[in-house]
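J.: These are the residues of each chain, in order.
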Amino acid sequence: MSPRPGFVLDVDRSTPPTLFWHGEGFRLERLPVGSRVVYAPEPLEPLRDPRAAIRSALLHPLGDSEPLDALLRPGMRLTIAFDDVSLPLPPMARPDARQLVMEEVLDLAAAAGVDDVVLIAALALHRRMTEAELRHALGDRVYDAFAPAGLLLQHDAEDPDALVHLGVTDQGEDVEINRRAAESDLLVYVNINLVAMDGGHKSVATGLASYRSLRHHHNPATMRASRSFMDQHHSELHSSNWRMGRLIAESGVRIFQIETTLNTDTFPGTFDFLQKREWEWSLRDRAAFAASSAALERTPPRVARRIFHSVRAPHRLTSVQAGEVEAVHAETTANVHRQQLVAVDGQTDILTMGLPYISPYNVNSVLNPILVACLGLGYFFNLYRGRPLVREGGVLIMSHPTRPEFDPVHHPSYIDFFEEVLPETTDPVAIAERFEESFATDPWYVHLYRTGYAYHGVHPFYMWYWCAHALEHLGAVIVVGGDPASVRRMGFRPASTLADALEIASDVVGTSPTLTHLHTPPIMLADVT
Amino acid sequence: MVDVRHALAGKRFFVTGATGFLGTALVERLLRSVPDCQVVLLVRPGRRATPAQRVAREIVKNDCFDRLRAELGDRFDDEISARLQAVAGDVGTDRLGLDDDGIRLLSTCDVVVHSAATVSFDAPLDSAVEVNMLGPSRVAEAVVEARALAAADGRSGPAHFVPVSTAYVAGTHQGEAAEELLDGNRYSVAVDWRGEVAAARRLRDDLESASRRPERLAGYTRSARDELGAAGLHLLAERAERLREDWVKRELVDAGKARAQALGWPDAYAYTKALGERALTSRFGGEVPITIVRPSIIESALAEPRPGWIRGFRMAEPIILSYARGLLREFPGVPEGVIDVIPVDLVVAAIVAVAARGPVGTSPSVVHVASGVRNPFRYGRLVDLVQAWFTDHPIYDADGQPIVVPEWSFPGRGRVQRQLQRADRLMETAERLVGSLPVRGRRATWMAGLEERHALVQRALGYVELYGAYTETEARYRVDRLLGLWGELSEADRERFCFDPAAIDWDTYVRDVHLPSIVSHARVRTTPGRSTQVPRAERTRAAVLSPDRHLAAFDLENTLVSSNVVDSYAWLASRHLPARGRAAFVADLVRQAPALLALDRRDRGDFLRSFYRRYEGAPTDRLDDDGWELFHHLLLAKSYPSAIARVRRHRALGHRTVLITGALDLVVEPLRPLFDDIVCARLGRNGGTFTGHLDELPPIGEARALVLADYAAAEGLRLEESVAYADSASDLAMLEAVGFPVAVNPEAKLAAIARRRGWLVEEWGTAEGGPRPVLPLGPLDAPGARRRPGDSPFSPAARAGARRRLEPRR
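As you go down the protein sequences, you meet chains A and B in turn. Residue 483 in the working numbering sits at position 483 of the first sequence, with consecutive numbering throughout. So the mapping is simple: the working numbering equals the position in the second sequence, first residue as 1, plus 529.
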């Protein structure tokens, strides 16, 4: 039986309560009759033999590209960049897609007699990966072969010696990327394309870039002009990256792009019910839900977080594309859409969503309030093609504890952003003008980013810019079950129950609004007509 | 008939004790109500003030003179300087410390009023003896000399000596006490005052010697260490010396009380005053015309210079205020007993009238100024009035809530005393117990609150022990002579110089005069609601963060990070240990923990030196690398974000920032970009390994203050304009060295000190969402990792050696 596509449920009296993620826990909410619930398509059948598929893709590239083995020769400088710990979510069970691809690429390189090989984690301004995370992504064999010899690097966007300025686009955008990557004879980039935003020219132009380069598209104006940033053809974020990518190609950087797509098999056995439709829950699912809810209630958030972060997703590969960037990406996007696209008819007054414990920026860490905002208003709000799920002036209701919890190792500048910037203003444009520069160039944050495991000082700003489109579009944002002080500081409204939230929303959208619930994760992309 | 104004007009008065409550009122009244009189004051020179400055500051500026100032207007200053004169002297030294000019000045005076006394009921015996017992005789001796000098010049000299004593010299026995010399009092024990003086002086010498015996000195040092922890030699020595002085003083206080009670007086005050009278009359009774004025308990003014005027807090005020604050749940006393209170202006008027009438007969006479017989005021009535008044006019706590006053049930003194003593012992035990726990931060601040409550209980106990006798007294002080004098006054003088105790309406006096006055004096909150004032902590914080500051010095452990050298060592040592080796390592370290803690408490320097031996032979390059991992995985995870933000804030304000810590260089290296400078412990390196010895003294304890001072001096920064952040009493030297000390998450001892001294206290926590390792152990190497040679960088021999060195040195 082939997997069922996505589905929009109309809530009636017989509909069981709907599952809302709520940080390291869940809420069951009874939605008003007449509401709609958007369910993701079921996981696609994975590739039967991923290694064979990878090898085949490397040898039969798309677009204007020679096969990888033909590009490899002894004495050449080869650099292989790969997506960092922010992908996929949750981290996938071993073997990771990157390990599979990397091993195939390295086998070909070894066969071709290439000696000068360097691996680079494409961090952009993300935190460095730990040894354990690198081992998980690349496998012990690759790690032990490269790391001790100093050939496994992590991109350092603040090392002036390790960057090269390639030029300025016709729109005046600086293109500055990793020197080793730019000066190699061949740059192979290994992607995991979890969502439609990932990959394409964005891989190199963002993943291996510096602040000087990133600020041209990581800003409020660009984000407001990206509708959505999940839709490459209507995304200024992508247009900018494409201009940069083309300039990189014109500068002579030879890129061999490898993109992989995953199915939406997100949670392992015990948490199976999380990706099922509530009315189809089996007795076992119900028991699992009741048991985990009861256990979570008695578990301190810190412990629950550790449990959830140890979850490894049973994601499986659904496609591999290799070759020239744009041709590869077109095919990849089609494969992402095949898994994630759900047709939704018309917008809604109120969009509800339950936010889980994880986002791309807090793997093995805590989803702090700024990341909560980014996950809801940045990522989930933008999971659309065509029109936003919620109408302009509508209300977004999201559910998350939003405790004022921060990781001092990963998110030091977030703490100061929350304490010093947000109390002043929540307007992305004002924030960018008044505060970005000082955080971005702060030597202490730079130090922590370069030597430790800290996101760059400017990163919380980017998270806030990610929300810019939603903030401009929405009439109100309400957080159910969120810490009131934290929620208010971000300019949102706290509500203790969904009923309260709907009551508050009636000030904006009246007393008989339409309501749509985005039942994610698993990830989907609403195709709103 | 006595015409006061006429009798005293143009006379010269010589007054001692003018800076006191009674003295100030007397001087004011003389200047205001006796035409053209002049007043010479015997004033002790202050540490930084001449007698004239003290007079201006402590007497003329007092609100007692407001009325006179208003009446005289522009003429006030001229009038004061023309009629008021100060001469340096001290009733505690022979000849009052006067030179010949001083005696000559005294010889020009007509009346001498001696009101200087050690009024504290719990003064050390020897100082009470010097001032109260010998003072009157010393003044009389000077008067004799002055009279001789005047006679030689053909003048008359001082014709009347009026020493102020206390009604309680007659004791607190049941029954009436007449206005007579003590020798005629059948209740008073005949005791030779000279013997008492000699014994008191000898006792002081004996106690000074006893306090210096080695075992006592060791005890003070131990107590100082208990209180301050490892604060460094100098501070401990200073504290120990203060403890020694306190002990001597306390022994003298106890001795005074014991001696007084053995002879039938309630306390050392009454006892020394009584023997002072005896010494005076026995030596000078036939030579100098003397009238002794004996007031009872002097309280705020009934009418002059204004109703309610009071200077300083007397005996009843602290008790009443403690009651109003709800702190004194009970106070002993007999409800129907008479509490003998007399307003200060009545005492002043009586002294003036006595002076106007002049001496009676050839031998000394006595006048009581007391209310108990003429207009008795029952203790029970006082309590009712006070309770009613504070029920109508509650004072408010810090949250703006009214405080409900308790109802007293007049238990016996013994019961209250026992209750309070029990509470005292209990709290002392609790304090000692909790004080030995390693609490810090909010809990420690709460502890300091416990200490404060303990202090209140002790104070309440003190009141009961000191003043309990006065609420139970059944002695009644006759005022026949006082009333006789009253009878001799004209109507006009009675109006002007009222001293008839019958003039007091007690209800009005307590409700409308006394209580409003002491409440306004006490600066307690009398309005509800939250204070609109900026909280004190915020004001202090603003001062700390003023751009005017020069330097901000930070401690590391528990100030910036919630971690310590043992954590760091454990992390580094376990960094590459396989899982099975860890259990043994942890068990080993846990076994040593008590010894480590004890040594740390004893001497931080010894602890560090001994602990760092463990690094002997460890490879430098590997630990330098691991130091970075340690920082990011452990120290940063356990850091206080607010502390880091504070360092950055200081830097942004242009202050120099410096980290001063006993932690190792390889551990704090990653913090370098946060600070302008770092001063830390540095381990010796020899080739590729550590020697296990420190290159120089680690910057801890007092050394830290010196390092800071040197640093500031070298950089041209001023310590009084600088800020220091630290968490423990062992950092006291550094905190005291700067103008703006800040206690961060203070442990109990420092919390108590910070609270007492009004230092800013910051409660900084680790980030809520950060990783919180249960044990400070390095991450396990991945299963697939190729093992590096040597599981731990620390050799077993070094570890064993360090453990041996942990044993206390003999």
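In case anyone wonders, no lab produced these hints; they're calculated from the structure. None of the values given here were measured: they were computed from a predicted structure. Watch out, some of these pointers could steer you wrong.
Said to hold, decoys possible - Just the calculated beta-carbon pair ranges, DEER-fashion:
id, chain 1, residue 1, chain 2, residue 2, range
1, A, Asp115, B, Asp1117, 56 to 62 angstroms
2, B, Gly943, A, Pro423, 47 to 53 angstroms
3, B, Arg1201, A, Gly491, 17 to 23 angstroms
4, B, Gln946, A, Pro423, 27 to 33 angstroms
5, B, Arg1065, A, Arg286, 55 to 61 angstroms
6, A, Ser506, B, Val1303, 44 to 50 angstroms
7, A, Arg179, B, Leu1126, 50 to 56 angstroms
All C-beta atoms, glycine included, are put in the ideal place defined by N, C-alpha and C.
J.: Using the beta carbons of serine 506 of chain A and valine 1303 of chain B, state whether their distance is inside 44 to 50 angstroms or not.
T.: Roughly 48 angstroms apart at Cβ, these two residues keep to the hinted range, so it holds.
J.: Cβ-Cβ distance between aspartate 115 of chain A and aspartate 1117 of chain B: within 56 to 62 angstroms?
T.: With Cβ atoms ~47 angstroms apart, the hint is violated.
J.: Taking 55 to 61 angstroms as the hint, is the beta-carbon distance of arginine 1065 of chain B and arginine 286 of chain A inside that range?
T.: holds, 58 angstroms
J.: Please test the hint of 50 to 56 angstroms on the beta carbon pair from arginine 179 of chain A and leucine 1126 of chain B.
T.: About 52 angstroms separates the Cβ atoms of arginine 179 of chain A and leucine 1126 of chain B, which means 50 to 56 angstroms holds.
J.: CB of glutamine 946 of chain B to CB of proline 423 of chain A, is that within 27 to 33 angstroms?
T.: With Cβ atoms ~55 angstroms apart, the hint is violated.
J.: Are arginine 1201 of chain B and glycine 491 of chain A spaced within 17 to 23 angstroms by their CB atoms?
T.: violated, 38 angstroms
J.: Can you let me know if the beta-carbon spacing of glycine 943 of chain B and proline 423 of chain A is within 47 to 53 angstroms?
T.: Violated: the Cβ-Cβ distance is about 60 angstroms, outside 47 to 53 angstroms.
Violated hints, listed in ascending order, are 1, 2, 3 and 4; each of the other numbered hints is respected by the structure.
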